[in-house]
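Asker: Here is what each chain is made of, one letter per residue.
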Amino acid sequence: MAWSVHELLGRSPWFVHYNCNSCNGCDIELLACLTPLYDVERFGMLHVGNPKHADILVVTGSVNHRNARVLQNVYAQLPTPHVVVGLGVCTSSGGVFAGSYNVLGGVDKVIPVDVFVPGCPPRPEAMMDGFLRAVEILKRKSAGLPSAPAEKEVITVAPPSGPHAEESDAA
Amino acid sequence: MNNATTSTPRRTVIPFGPQHPVLPEPLHLRLVLEDEKVVEAQPAVGYIHRGIEKLAEVKDFQQNVFLLEHVCGICSFIHALAYCQGIEELMGVEVPARARYLRVVWSELNRLHSHLLWLGLLADAFGFESLFMQIWRARERVLDLEEQTAGARIMLSTCTIGGVRRDLSAEQVGQVLRGLDELEREFDMFVPVVIKDATVKERLCGVGVLTQRQAQELGAVGPVARASGIARDLRVTGYAAYGELGVNPVIETDGDCYARTLVRVRELYQSLLLLRKALRHMPDSPIAVAVKGKPEGEVVMRVEQPRGEVMYYLKANGTATLERVRVRTPTFANLPALLAILPGCELADVPVITLSIDPCVSCTER
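Order-wise, the sequence lines are chains A and B.
Heads up: the first sequence at position 82 corresponds to 81 in numbering that gives the first Met the number 0, and the numbers run straight through without jumps.
Heads up: the second sequence at position 8 corresponds to 7 in numbering that gives the first Met the number 0, and the numbers run straight through without jumps.
By construction, these hints were calculated from the structure, which means they are not laboratory data.
Errors might be hidden in some of the hints.
Said to hold, decoys possible - As a list, the in silico SDA-like pairs of lysine to any residue whose alpha-carbon atoms are at most 25 Å apart:
#	chain 1	residue 1	chain 2	residue 2
1	A	LYS51	B	GLY126
2	A	LYS51	B	PHE65
3	B	LYS53	A	GLY48
4	A	LYS51	B	GLY50
5	A	LYS151	B	PHE65
6	B	LYS36	A	LYS108
7	A	LYS51	B	LYS53
8	B	LYS53	A	HIS64
9	B	LYS314	A	TYR100
10	B	LYS53	A	LEU103
11	A	LYS51	B	ILE13
12	A	LYS51	B	LEU346
13	A	LYS51	B	LYS36
14	A	LYS108	B	GLY16
15	A	LYS51	B	LYS314
16	A	LYS108	B	LYS53
17	A	LYS108	B	GLY50
18	A	LYS51	B	ALA347
19	A	LYS151	B	LYS314
20	A	LYS51	B	ARG29
21	B	LYS53	A	ARG65
22	A	LYS51	B	PRO14
23	B	LYS53	A	ARG68
Stated by the list, open to error - Across the chosen pairs, the derived CB separations fall in these ranges:
#	chain 1	residue 1	chain 2	residue 2	range
24	B	ILE194	A	SER146	31 to 39 Å
25	A	GLY143	B	VAL172	56 to 64 Å
26	A	LEU36	B	LYS36	36 to 44 Å
What the hints assert, rightly or not - Here are some, though not all, of the chain B residues that point toward chain A, as calculated from beta-carbon distances under 7 Å:
#	residue
27	TYR46
28	LEU54
29	CYS71
Every residue gets a Cβ at the ideal spot worked out from N, C-alpha and C, and that includes glycine.
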């Protein structure tokens, strides 16, 4: 049987994790996904340390002045096709930290994001759902089909008004 | 090698992080090497600075509980506890006895899952993946207990100013006690592997030694200080219900990675003991009191986190927002100790030594 590349990619989506500006909540839940109870490895998913080996970039947290460049570097090293999954509300808006002087906003200000998983932190089940959506997008991308960027959740809590609110908007 | 003929080998600089396989967090160390030996480690921080302290001056003092829990998602409950105790002291609030016991219960569950998380990551760092998986399987039981009692795997907004938000029924107390028994059986299975296995000892014994004098001078806190023979555990000051329950600090004297592991392993059992005591002797009372008015004045509040002492300084001026919030976290206090023990070690030991202080970068940079 002849396997096409996009069928093979969908079967073993390796992922690399970068913690941008997160509080660790999403990160430990992501690690919990790897362990025997949730075990994302049964979907062929493997956590790798090198972005050059990965199909999926998993980002937690928002972007700040210092890590934006690192995130771009990690993203630039991903082979094509690739999918970006943002875990937690911080990746879409900055979450509870929105409005701080050092939070530029969601990850999508710096790199295109394909799947947002809402929650603070999302449950491992929600994360796995996000990964499976990412696999579908990966298959579409490797088949050369177009894929729309993720729709963002609407912010339900307004960022605080204060001396630093304007600065972060300007940034 | 050309270097072998010269008297001083050429120095190389290897960047360790911010994106590194053994670190779930972006800690960046510039390692200066001579051959395979580390001669200097220079930290570079700021990759995860969120400006929480400034944000805490904008939000009101009740909202700050949720914000300050996000200093660290691992020990979120203990951060909320430190902040709430500080505000309670400023406002002269007397917390009901049952709430103080419940605070101990959730603090110790936080400590259990944090120590198990660390043990698993340590096993992963020296390449013992099946041990990592077993320890994290046991950790899921703790998270189940957290979910049963607090409603979420990562406890948020469970602690509040004036008490706690949830109560445990007698049935739930029984469930947790049974859960702890199962947990102890799991510990008994993997703990001998951690402390007796020859390959584990090979990687940990005599590696990254911090002497008692160094620990004292560099101001180490928590398990790092206790592994070097310093009996420094803030739970003995008796905040929440620790005074009634009684805590004896766990102490080891060798100061190496193995001693730090032993301290945390023994603290797992200590937490089980404290949890059982707290659950069995929980008094009957309301779980929170109504808090009226606004805080005023200054206070310093110190509590014991899984990683050591966390210090909150709060300054209030009688309005809804605080004038200053300062958080000194345990990893920040332990970083000088880490930089002191890295020089002289092999490059291959850097991940294990770095992990042995249980770094929490989210805490450190806030």
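Asker: Confirm or reject each hint.
Answerer: Now for the hints, and whether the structure bears them out:
Under the criterion of a C-alpha separation no larger than 25 Å, the hint pairing LYS51/A with GLY126/B is consistent with the structure, at around 22 Å. Among the hinted pairs, LYS51/A with PHE65/B is inconsistent with the structure: their alpha-carbon atoms are about 37 Å apart, more than 25 Å. This hinted pair does not check out: LYS53/B and GLY48/A have alpha carbons roughly 34 Å apart, beyond 25 Å. Taking the CA atoms of LYS51/A and GLY50/B, the gap is near 32 Å; set against the 25 Å cutoff, the hint is violated.
For a cut-off of 25 Å, the pair hint linking LYS151/A to PHE65/B stands: about 23 Å separates their Cα positions. At roughly 41 Å between alpha-carbon atoms, LYS36/B and LYS108/A are farther apart than 25 Å, so this suggested pair is violated. Of the pairs offered as hints, the one joining LYS51/A and LYS53/B is violated, with about 37 Å between alpha carbons and a cut-off of 25 Å exceeded. Restraint check: the Cα-Cα separation between LYS53/B and HIS64/A comes to about 16 Å, which is no more than 25 Å; the hinted pair holds.
A threshold of 25 Å between alpha carbons decides the hint, and for LYS314/B with TYR100/A the separation of about 21 Å falls inside it, so the pair holds. The hinted pair formed by LYS53/B and LEU103/A meets the criterion: a straight-line CA distance of about 15 Å does not exceed 25 Å. For the hint pairing LYS51/A with ILE13/B, the CA-to-CA distance comes to about 19 Å; that is within 25 Å, so the pair holds. With a C-alpha separation of about 23 Å, the suggested pair LYS51/A and LEU346/B falls inside the 25 Å cut-off, and the hint holds.
For the suggested pair LYS51/A and LYS36/B, the alpha carbons sit about 28 Å apart, so the restraint of at most 25 Å is broken. Among the hinted pairs, LYS108/A with GLY16/B is consistent with the structure: their alpha-carbon atoms are about 23 Å apart, no more than 25 Å. Using a Cα cut-off of 25 Å, the hinted pair LYS51/A and LYS314/B is violated, with the two alpha carbons roughly 48 Å apart. Under the criterion of a C-alpha separation no larger than 25 Å, the hint pairing LYS108/A with LYS53/B is consistent with the structure, at around 23 Å.
Taking the CA atoms of LYS108/A and GLY50/B, the gap is near 19 Å; set against the 25 Å cutoff, the hint holds. Proposed proximity of LYS51/A and ALA347/B is supported: the alpha carbons are some 22 Å apart, at most 25 Å. The suggested pairing of LYS151/A with LYS314/B is violated, with an alpha-carbon distance near 38 Å, which exceeds 25 Å. Pair hint LYS51/A plus ARG29/B holds up; C-alpha atoms about 22 Å apart against a cutoff of 25 Å.
Between the alpha carbons of LYS53/B and ARG65/A the distance comes to roughly 18 Å, so the proposed pair stays at or under 25 Å and holds. Among the hinted pairs, LYS51/A with PRO14/B is consistent with the structure: their alpha-carbon atoms are about 18 Å apart, no more than 25 Å. Taking the CA atoms of LYS53/B and ARG68/A, the gap is about 24 Å. The hint holds against a cut of 25 Å. In this structure the hint that ILE194/B and SER146/A lie 31 to 39 Å apart at CB is violated, the actual value being about 50 Å.
In this structure the supplied range 56 to 64 Å holds for GLY143/A paired with VAL172/B, their Cβ-Cβ distance being about 59 Å. Roughly 41 Å separates the CB atoms of LEU36/A and LYS36/B, a value that falls within the hinted 36 to 44 Å. Checking TYR46/B against chain A by beta carbon gives a least distance of about 5 Å; that is within 7 Å, so the hint holds. At its closest, the beta carbon of LEU54/B sits 5 Å from a beta carbon of chain A; the interface hint therefore holds under the 7 Å criterion.
A distance limit of 7 Å between C-beta atoms decides the matter here; for CYS71/B the minimum to chain A is near 6 Å, and the interface restraint holds.
Figure legend: structure checked against the earlier numbered hints; hints not met, in rising order: 2, 3, 4, 6, 7, 13, 15, 19 and 24.
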